[in-house]
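Chains B and U: place on chain R using the hints.
These protein sequences, in sequence, are chains R, B and U.
For the first sequence, my numbering assigns the number 1 to the initial residue and increments by one for each residue that follows.
For the second sequence, my numbering assigns the number 1 to the initial residue and increments by one for each residue that follows.
For the third sequence, my numbering assigns the number 1 to the initial residue and increments by one for each residue that follows.
The set of hints was computed from the structure by calculation and includes no laboratory data.
Every residue, glycine too, gets a C-beta built ideally from N, C-alpha and C.
Just so you know, not all the hints are guaranteed correct.
[As the list claims (entries may be wrong)] Simulated pairs of lysine-lysine, DSSO-like, Cα-Cα distance not exceeding 30 Å:
(1) B:LYS273 / U:LYS119
(2) U:LYS35 / R:LYS170
(3) R:LYS171 / U:LYS35
(4) R:LYS169 / U:LYS35
(5) U:LYS119 / B:LYS69
(6) B:LYS273 / B:LYS69
[Unchecked claim] What the simulated footprint calls covered on chain U by chain B, stretch by stretch (three residues with Cβ under 8 Å from a Cβ of chain B suffice, anywhere in the stretch; the number is not a length):
(7) 99–113
(8) 153–160
(9) 163–170
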Amino acid sequence: MPAESASRNHEVIERFLGAPSEDSFSSLFHLVAPWMVGYFRARGCDVEMAKDLTQEVMLSVYKASHALRSRDRFRPWLYRIAQNVLLRHFRDESRRVPTVRLNAEAEEACGRPQNPYLRSQFSEWMASLNPDERQIMLLRYVDELEHHEIAAVLEIPIGTVQWKIFHSKKKLAARFATEAT
Amino acid sequence: MRKVDGTTAMVWAALILSALAGGVSKALEFAQPGASLTRFASASYEPLYILANAIALYFCRRISRDHQKGSRMRLAWLLMAASCAMALVRHGFEWTTFLMGWHQTARLVSVVSLRQIPTVLAMVLLTAGLIAMWSSLAAIGLGTGFRPRDLVLPLVILALMAAVLPYRGELSDHRSVYPLMRYLQWSSPVVLAVPALISLGLQRISQEMGRSQFADFLRYLAWSLLLRLASLLATFTPVLKSVSVLAVAGTAAFWAAPWLFVLAVEQRWRITKSVSELTEVYVRNPQEAFAMSVSNPHLFHAEPPDPRK
Amino acid sequence: MHHDISEQEWLDYVSGVLAPARAAFIRSHAATCVKCARTLGSFAEWHDLMMQEGSRLRSALELPSDEMESFIADSVEAICAGERPGSRSWSWSVAEGLFFMRVLMEPICGAGTARASIKLAVERSTTRSEGGLCRRNWQLFVANLSEVVASICGLAAGSLVKHAGASLAIAGA
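Here chain R stands alone, though its shape is the one from the complex (with noise of 0.2 Å):
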C-alpha cells in the first residue's frame, strides 16, 4: 500500500477509535466495506451475501471498538473478526443446505452474475496450493495485508508466515515451469 494512502487510511482509523461518533464510523465504513466486500467475494460469496457479511463484521466493530486504543491493532483485528464471520456462515451453510462447490459454470446456468475471482487466474493458481497456503496468499496479495498483520490474524509466527509464501512460490514457480514447457 503506498505510504501517502496508508496515512491517510491511519487517519481515518484513529479518527473513528479516538472519538466515535455516527461521523467517523461512516468515513471507517467507507474505508473499511471495500476491503470486506472483496474479502468476502474473493473467498467465494456472491456480491449480496458478501455484503451481508460485511455488515455483519461491521456491526461488531461499532459494537467493540472502543475498547482498542491503538490503530496498528486495527487492521489484523477487523480481519479476525472477518475470518470468524465467514466460518461460521459457511458452517451454517453446511448445515442448512448440501454442501455445493460453488463454480463458475453453476453460477452461469443459475443466471447470476460470475465471481470473478472464480474466473480469475489467480483463482486457478491457488488451486494448487493447500487451504493454509491458499489462505495467506489471499491475505497478502488481495487483501494487500503485511506479513507481521497476517501473522496477527491467523495467530501464528511471523516465520511460518513467510516460510508458508516462499514454499507457495516453489509451488507456483514449478507449475509455471510445467506450463511454459
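Just chains B and U now, with coordinates in the frame of chain R:
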C-alpha cells in the same frame, strides 16, 4: 504468559535429558557391568526423581488452593500432593542409603527395603487422588458413559500384568528380611497398574471434553502413569531385560516418566494462570475483554445460536 | 538459506520491508553474485506477478461506486440507529449469551465440559414456570455456571465465568 511457556520448555528439556541419561546409564550396564561408575549412573535417577517430585508437589499444592475447601477436586489435588511428598521421602531415603554404600551391604535386604512403605503409600495416595478427580468430573456428567472398545486397553494391561506377575521375584526387595516388605514389593506391579487403569478412564474423559487445556492435562497425566507402568515391566521382565534395545528404551522411559507427570500438573497450573490474567482484563475493562473474545479465533469452534430459539 | 540470505529475507526484500542495512547488503551482494542475482530476479518477478494479479482481482471484485455508496449509507443508518457509537452497553439475546459463554469456556475445559456445565447450570437456575433462561434468571445462571466450572477447573476459572457472564446485558423480559 511468556514466563509460563518458559516453564513448560524447561520441563520438556528435563524430560528429554532424563530420558537420554537413563538410556546412557543402561547402555553402560551392558558395556561395563559391575563398574562403580555404572553403579553410580544407574542410581542417578534418584536425584532426578527427587527434583521432579518436588516440582510436582509445588504445583499440586498451588492447584489445590485454586479449589474450594471441602470440594472433591481440592481433595484430589491434596492427595496427589501427598503422593508426591511420599515419593520424595522414598527417593530421598533411597538416594541417601545409596550414597552411604548400604546397597552393597546386607543392609540392602533390611533397612533399605523399608523404602517399600513410602513407595506403596505414594501409589495408594495417587490412586485415591485420581478417584476423587474422576468423581468430581462424573458429578457434571462426564466419564459416565463408556463404549465397549474403551475396555480394550485396560484388558491389554491386565493381561500384561498377569503375564509378568510370575517374574515378581526379579524385583529388588523380594529378598527382604521383613515379610511385610516382601509382600509390599510383590504387590507393586498391581499397585502401579491400578492408577494406570484409572488414568485410562480420565483419558477417555479428556476425549469427551474436547480439545482444551484441561483435556491436555488429563492426557499427559494418563501417559505419565502408563509410561511408568510400561517402564517397570520392561525393567524387571527377564525376556525384555535381556534385549539391550528394549532394556535401554525401558530405562529411558523410567527416568522420563516423572517429568511427564510434572508436565501434566504444569499444564493444569497454566489454566489457572491464563484465566486469572483474562479475569483481570474483565475486572478492569469488560469492553476490552469482550473485544478480545469477539476476535478470538476459537469463536468458530462453538455452534452459533439457533435464531429460531 | 543461501549465501547467508534466508528465504524470509528474500521475501522481505522484494516486499520492501527489510531493514535498510540488510537490504543494502543484499543489493550489493546480488550485484556481484550470479546465483543470488538469479534468485533475486525470480523472487522479484514472482512477487510482481502476484501483486499485479492480486491488484487486478481486487479491481474486478469492487462493487460499482453507486452500489457501494448506497450499501454503505443504508448500513451506517441501520447500525447507528440501533445504538449510539461508543456506547458501553449492548444487549444480547440468551442464545447469544450462551454462545459467548461457550466460546469463553471451550479453550479452557473443552466443548464437552462446556456443554455439560451449561446444561447443569440451566437446570439449577430455571423453574418450570419460567420456561427456560431469560434476563431475570441470567445472573443466577451465571452464578451456578461459575460454581460448576470452579468445581472442575478451579476458582480462577469460575471467577472468569462469573465476571464474563455478569458483564453481558441480556435483552428481553
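Against the structure shown, which of the earlier numbered hints fail to hold, in ascending order? The structure conflicts with no hint, since it agrees with every one listed earlier.
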